Amino acid sequence: MNAYLNMELLRFTTAGSVDDGKSTLIGRLLFDTKSIFEDQLNQVKKSSDRKGLANPDLSLFTDGLKDERDQGITIDVAYRYFSTPKRKFIIADTPGHIQYTRNMITGASTANCALILIDARHGVVEQTCRHAIIASLLQIPHLIVCVNKMDLVNYQEDTFQKTKKDFERFSSKLDVTDIRFIPISALIGDNVTKRSEKMAWYEGSTLLYCLENLHIRSDHNHIDCRFPVQTVIRPKTKAYHDFRGYAGRIAGGVFKPGDEITILPSGFTSKIKTIDTLDGPLNEAFAPMSVTIQLTDDVDVSRGDMLVRSNNQADLNQDIEIMMCWLHNQEPNPKAKYIIRHTTSEAKAIIKNVRYKLDVNTLHRNIENLNIGMNDLARIQLRTTKPLLTDSYRKNRTTGSIILIDENTYETVAAGMII
Amino acid sequence: MSNYNLTHLDELENESIFILREVFAQFEHPCILFSGGKDSIVVTHLAKKAFHPAKIPFPLVHIDTGHNFPETIVFRDQIVSDLDVSLIVGMVQESINSGRSKEERGKNASRNALQTNTLLDTIELHHFDACVGGARRDEEKARAKERFFSHRDQFGQWDPKNQRPELWNIFNGKHHDGEHFRVFPLSNWTEIDVWQYILGEKIQIPSLYFAHERKVIRRNDTWLPLSEYIQLDEKEVPLQKKVRFRTLGDITITGGYESDADTLEKIVNEVATARQTERGNRADDKRSETSMEDRKKEGYF
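Protein chains in written order, with this note's numbering: chain A, 514 to 932; chain B, 1106 to 1406.
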């Protein structure tokens, strides 16, 4: 009855080219895990009938906005949910078109796992490489390569093995350690939630089993203590007259009452007095918990400051090297000052240097053409008006990421991963 | 769970608290849109957690169609007094009286769509720059595309094709004068998550969610509660039924269904095995396939 009290959360993103069967796969996962309600199913059956299809078109479950239905494409990231007794899953369903790299990066930024779809008939194509490179740049810990449409290649092992070999050859250049390969047919349901009888040669697990059992407990950094302060809580009531708590979400490490900490950037030191929540004080707190910390000393701490362990501090940095993805259709202006957001702090930044542009299909570094446009990835150097408290993105996805905001339009124009 | 691991509900709670604190830090005049339904109750509960031991630093805003379940209003006033927060009520009736909104006619007339004008006027009147709502992405296909921080232009409109990309946990709430944000801390929660959380946290909810005896009529495949705001035709005969409501809107559009679930445990079980979506009993969503998308673009919740 209370099985849900032991459920974990896994966030994954799906990437595939147009017509790789991504929507069908998501529809299949939702359908087979009984996450589709009858009224939704009836709607899809009706639409499928109208199109003259014999079976309900599973891809229609992920239909979204009016324009998307009219054009049969996905415009923006959509989020889908399903669960099994073991885990709750959040799918960031991102479009596969070339112009939507920014959406893929958005979906990938919070994912523990990426599913990459390959059409078995076509094998590894340019877009496959792009999706894998993005997953690697975003440091998604787990990659599952689904070789889809196996039914259209007579479930041949050779086809699967060749695709796998091609992908492995290319992925040796990537920064991903956990890659799995699964031959599936999303349309028929082979190896998605049920083992396929037509691929006896495949001895691995189904996609769902894989998603349910990926080891995700090490996906957060529990070593380097980082607590970016969001806001200060001062109730000023009789009962809590002297309460002064620093509210925030732990970005890394484990904090305990009694710990010696340093407040950055000021460098003052103090000790943790209590870690408070509405449900009572805690003996320890770790990423990604939202807590309120009180210190033993009355020191000046405000939003944008960071509590760290005295013997393990974040870098204090005004020249920041990042891998940047430009997200906006207006190109960066070399003279412009941008608002930079990093954890809970904010400053201004200029793009000081463009070191190279990265070809997202081949990893080739282009130093001849340094003009940046929408969806481009580039290694750049930023100069900020005040020092930021950074880690490398490899070490910590929260303290290692930034966004740039246009000063005038306030649009989010770039995302960056600190090198 | 041990080994520095959180359950899915813990993780959702921590994410929502983070969002609520960002709202406090990034905006000058935030508010919580409070309907008296379970989702806005959970948002309010999370806000209590986010700022404890201080009071919730936002007023609650209720857009009142005037066609309420009396139970909802009693509950709303109780929560406002328990939390010691201020309540701002925007009356759809006033928008009608001033000529700003026009009452719908006909048998299925409702004031649901009329809430948009009243909501936008209330936002303008109080200079709200962030309105926290309880909408979830699993509710409806247009909502599946929502950001946590969702920008609204000076006319309160949502432009789903030009949304700001939202990466990692960095939220951009920058806005010009007259623009505002809708913020959805429950974006990643599903209906069952909400119910499990209510059960686990022992959160008080209106009695309407529990199975109870009530006079209802059968209309559009649902049990519509009898009230003074509903016009009956000759064939419609009120019946006494044991029903409960899975969502709460105003009384003219919220259909109930027969149920024996009179405890939270029973409700969680019922929702876990439900074969129909929760909004299936909402007349406001049945008007067309894109009715939510159309209303949202104009500034609806």
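Worth flagging that the hints you see were computed from the coordinates, not collected in a lab.
The model shown is predicted, which means the values in this text are computed figures rather than measured ones.
Heads up, the beta-carbon is just placed ideally off N, CA and C, and yes, glycines get one too.
Be careful, since some hints might not be right.
[Stated by the list, open to error] Calculated from the model, a selection of chain A residues having no Cβ within reach of chain B, i.e. all distances over 10 Å: (1) D532; (2) D562; (3) L578; (4) I603; (5) S649; (6) D691; (7) R762; (8) S783; (9) I785; (10) F799; (11) N824; (12) D828; (13) L829; (14) G886; (15) I916.
[Said to hold, decoys possible] Partner residues are not named here, just some residues of chain B that face chain A (Cβ under 7 Å, in silico): (16) H1113; (17) A1159; (18) G1204; (19) R1242; (20) L1272.
Outcome of the hint check:
1. Consistency note on A:D532: stated as away from chain B, and its beta-carbon is indeed over 10 Å from all of that chain's, at 21 Å minimum.
2. Remark: the non-interface label on A:D562 is consistent with the geometry, its nearest Cβ contact in chain B lying 15 Å away (cut-off 10 Å).
3. With a least CB separation of 6 Å from chain B, A:L578 falls inside the 10 Å interface cut-off, contrary to its annotation.
4. Here A:I603 does not stay apart from chain B, with its beta-carbon only about 6 Å from theirs, under the 10 Å limit.
5. Here A:S649 stays apart from chain B, with its beta-carbon at least about 16 Å from theirs, past the 10 Å limit.
6. Residue placement check: A:D691 keeps its beta carbon more than 10 Å from all beta carbons of chain B (closest about 18 Å).
7. With a minimum CB-CB distance of about 4 Å to chain B, A:R762 fails to clear the 10 Å threshold, and the non-interface call is violated.
8. The Cβ of A:S783 lies farther than 10 Å from every Cβ of chain B, with a closest approach of about 20 Å, so its non-interface assignment holds.
9. Distance check for A:I785 against chain B: the nearest CB is about 17 Å away, which clears 10 Å, and the non-interface claim stands.
10. Not every CB of chain B lies more than 10 Å from the CB of A:F799, the least distance being 5 Å, so the non-interface label is violated.
11. The beta carbon of A:N824 sits about 20 Å from the closest Cβ of chain B, which is more than 10 Å, so the claim that it is off the interface holds.
12. Annotated as non-interface, A:D828 keeps its C-beta farther than 10 Å from every C-beta of chain B; the closest such distance is 18 Å.
13. At roughly 20 Å, the least C-beta separation between A:L829 and chain B is larger than 10 Å, which holds for a residue marked as non-interface.
14. The Cβ of A:G886 lies farther than 10 Å from every Cβ of chain B, with a closest approach of about 16 Å, so its non-interface assignment holds.
15. Under the 10 Å C-beta cut-off, the non-interface status given to A:I916 relative to chain B is violated; the minimum distance is some 5 Å.
16. Here the hint on B:H1113 is kept, as its CB sits about 4 Å from the closest CB of chain A, short of 7 Å.
17. Evaluation of the B:A1159 hint against chain A yields a held restraint, the C-beta minimum of about 4 Å falling below 7 Å.
18. Interface hint at B:G1204: violated, since its Cβ lies 31 Å from the closest Cβ of chain A, which is beyond the 7 Å cut-off.
19. Restraint check, B:R1242 versus chain A: the minimum CB separation of about 5 Å is within 7 Å; hint holds.
20. Interface hint status for B:L1272: upheld, as the beta-carbon distance to the closest one in chain A is roughly 4 Å, under 7 Å.
The structure fails to meet hints 3, 4, 7, 10, 15, 18 from the earlier list, while all remaining hints are met.
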